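K.L.:
Listed below, chain by chain, are the residues.
2 protein chains.
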Amino acid sequence: MRIVDIRVTTHPIASPIRNAYIDFSAMTCSLVAVVTDVIRDGRPVVGYGFNSNGRYSATGILKERILPRLTAADPASLIDDAAGNLDPFAIWDVMMANEKPGGHGERSVAVGVVDMAVWDAVAKIEEKPLATVLAERYGAGTPDEKVFVYAAGGYYYPGKDVSALQDELRSYRDRGYRVCKMKIGGAPLDEDIERIEAAIEVVGGGENLAVDVNGRFDLKTAIAYAEAIEPYGLFWYEEIGDPLDYGLQAAMAGIYPHPMATGENLFSMQDARNLIRYGGMRPDRDWLQFDCALSYGLVEYMRTMAMLREHGWSPRRCIPHGGHQLSLHIAAGLGLGGNESYPDVFRPFGGFGDDQTVADSMVDLSTLPGIGFEAKSDLIPLMHDLAR
Amino acid sequence: MRIVDIRVTTHPIASPIRNAYIDFSAMTCSLVAVVTDVIRDGRPVVGYGFNSNGRYSATGILKERILPRLTAADPASLIDDAAGNLDPFAIWDVMMANEKPGGHGERSVAVGVVDMAVWDAVAKIEEKPLATVLAERYGAGTPDEKVFVYAAGGYYYPGKDVSALQDELRSYRDRGYRVCKMKIGGAPLDEDIERIEAAIEVVGGGENLAVDVNGRFDLKTAIAYAEAIEPYGLFWYEEIGDPLDYGLQAAMAGIYPHPMATGENLFSMQDARNLIRYGGMRPDRDWLQFDCALSYGLVEYMRTMAMLREHGWSPRRCIPHGGHQLSLHIAAGLGLGGNESYPDVFRPFGGFGDDQTVADSMVDLSTLPGIGFEAKSDLIPLMHDLAR
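The listed protein sequences correspond, in order, to chains L and R. Residues in the first sequence are numbered from 1 upward in steps of one, following this note's numbering. Residues in the second sequence are numbered from 1 upward in steps of one, following this note's numbering.
Simulated from the structure, these hints should not be mistaken for laboratory data. Do not take every clue at face value.
The list treats identical chains as interchangeable, and a pair is accepted whether it falls inside one copy or across any two copies.
For lysine-lysine, the following DSSO-like pairs were computed, each having C-alpha atoms within a straight-line distance of at most 27 Å [said to hold, decoys possible]:
(1) K220 - K100
(2) K100 - K160
(3) K100 - K63
Just so it is clear, the structure is predicted and the values come from calculations on it, not from any experiment.
Work the whole structure out from these sequences, hints included.
P.N.:
Next up, the structure:
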């Protein structure tokens with residue numbers, strides 16, 4: 001068997017939203033199709049991958065730097081002969097050949113896009129959902145039947161008032177999400193507290209509400225917010241300061257007793273390790289949000305998981321950023337604590353299959369081979385267009 | 001005044017060389033021209049910028065993500081009205097609008113390319129060498145007359161033997177470089193020791209030889225090399241382990257008594273701060289190699305310098321990576337310890353002006369307005385082609 005083609009294109013992910021730092025209206029998404037010569041159900045197996053929201057313009061790095069290495073490689077070197085399947089680890093090594101260490105930014109996104117497509121193809125060739133493949137190869141043998149998901153939203157929109165925020169969160173609750181997340185730090189503290197209290201009214205208690213600063217606060221502001229929100233006992237207080245300011249994160253661990261979460265902007269095992277070494281994160285209550293689709297893919301994520309085990313962390317403390325189906329399969333297959341979900345934004349790339357249902361913030365899993373994009377009616381036509 | 005156009009293109013930097021990690025033969029360089037409506041010597045002032053070696057394919061991020069923000073901005077918002085000149089800090093803020101914090105990789109290169117062009121234009125509009133502008137605005141008033149430079153080379157080439165290495169280093173010595181640098185870690189220890197001893201014969205003592213691992217070693221190998229090279233008292237032992245493994249760097253500080261250097265793959269103030277906080281670097285002897293052209297430009301480098309001062313580090317401990325003229329002006333204008341130089345590689349982007357001479361590892365400065373690309377006969381035609 002072999003890879004016969006790798007195609008790449010760019011799509012918009014238009015969203016009229018912003019968080020404390022950015023608006024998403026100009027963002028794009030790179031989409032990759034890895035075409036194999038393996039036939040299943042009478043057609044060649046094609047794996048698909050894309051990047052999570054947050055970083056974009058990976059297509060140039062893909063076309064000029066990463067994909068030419070795969071094209072130039074001996075096709076046999078990308079294959080796991082014994083399994084008659086692609087070898088994601090060998091493919092990863094080829095993609096990263098000639099790359100300098102350190103500086104983990106957009107390059108990590110480009111590699112992550114291809115890695116997603118490779119794992120989709122691997123599971124399709126095995127004719128199993130990816131979660132099952134992962135559980136059998138690297139996990140507990142069988143995947144979790146359901147995965148915890150929370151609804152990420154609560155963005156600042158121009159003209160959005162407290163009642164609009166409540167309507168939004170109520171709609172997530174109506175769609176089966178117990179835990180919801182909202183943005184803070186884009187408004188003054190007193191206004192954010194008003195928003196938080198309004199949100200708590202709708203979600204049924206502070207323990208069902210997470211708040212996300214998107215890395216905006218200095219230590220003084222972080223402490224002022226911590227003191228103000230402590231009485232609510234929130235689900236978590238997320239990405240409080242600059243994601244690389246491990247000193248700030250460690251200081252907050254001495255100040256704020258309830259759960260904190262961070263990691264979506266740490267794009268390598270080495271960066272994640274520095275958070276664990278220096279960030280004072282507490283393995284009994286805090287949450288780690290590394291997103292493989294922004295961070296060199298599942299191959300690197302497995303290195304991160306090994307590092308976490310060495311440092312005494314359970315994979316159940318991981319709830320990845322990104323709201324995509326790859327992380328959902330990883331969560332079920334490798335026993336993570338859950339996954340993010342964006343019920344209303346970042347379409348068509350975010351979100352799960354049409355047939356997957358959420359109840360009490362638990363989602364069931366796709367039974368299709370691969371990652372299950374074929375059951376996502378808003379996304380699969382774009383993928384088929386690319387592979388045609 | 002205003003910016004009337006920003007142009008971008010991509011050029012090869014073909015080099016048949018490799019270090020312990022990578023070969024450079026497929027690398028490219030992004031080149032930017034910032035065209036203003038200011039007339040000097042009868043022609044519009046154009047600033048030029050490019051990225052250092054090591055990372056590439058920044059053109060996509062420039063075209064799709066960074067430059068559209070400058071094009072969309074109110075031209076007046078990019079200007080320092082009082083000075084009648086471009087405002088590099090305001091331009092930086094526009095380039096980084098809507099960017100998430102953390103994950104400092106290729107994005108930092110794209111911004112660095114434009115920042116270089118902006119500073120070139122700023123100094124041309126002031127009709128002074130950039131070093132003078134920097135010394136007057138932010139430094140000691142007048143720039144250093146000469147800057148320490150070392151010759152970076154000693155790469156592994158296919159078929160290159162010890163005598164070829166000696167010939168190469170001898171040629172650097174003949175061109176005025178007292179201190180030379182060679183790669184190690186791409187061969188077994190005993191072979192590298194043979195190379196090091198051969199190099200020392202040519203450069204006149206271990207104190208004139210720096211060795212560079214390019215981040216390849218684990219702690220055990222790092223210690224084995226440290227023990228083997230300690231008797232030579234080398235100029236420095238560079239980037240020993242993964243650039244983000246501050247724990248390894250800190251461990252080496254307790255083991256290796258002579259100077260160490262690192263930082264070329266830390267692409268933001270926050271990453272640099274983590275090295276200073278956690279890496280055990282010694283302000284009395286170690287060297288910091290952050291390269292502004294890979295790291296969001298001089299605007300971010302000034303933040304890094306402010307952070308260093310807060311942590312008790314002198315700017316004289318900084319010898320930037322990259323061998324480009326921007327860092328040479330920064331070194332002279334802001335009182336750094338020196339600059340890298342690649343006498344033979346990364347042409348035409350690396351290297352200094354045709355009229356600049358090196359003696360006893362000190363280089364004199366360009367007297368042209370701006371960064372002085374106009375005196376670099378192998379480079380300026382490419383720049384003029386882009387601005388035409």
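K.L.:
It remains to establish, for every hint, whether it holds in the given structure.
P.N.:
Results for each hint:
1. K220 - K100: For K220 and K100, the Cα distance is within 27 Å only across copies (21 Å; inside one copy 37 Å).
2. K100 - K160: Answer is between; shortest inter-copy Cα gap is 22 Å, intra-copy 45 Å.
3. K100 - K63: both (18 Å within a copy, 24 Å between copies)
The structure shown violates none of the earlier numbered hints.
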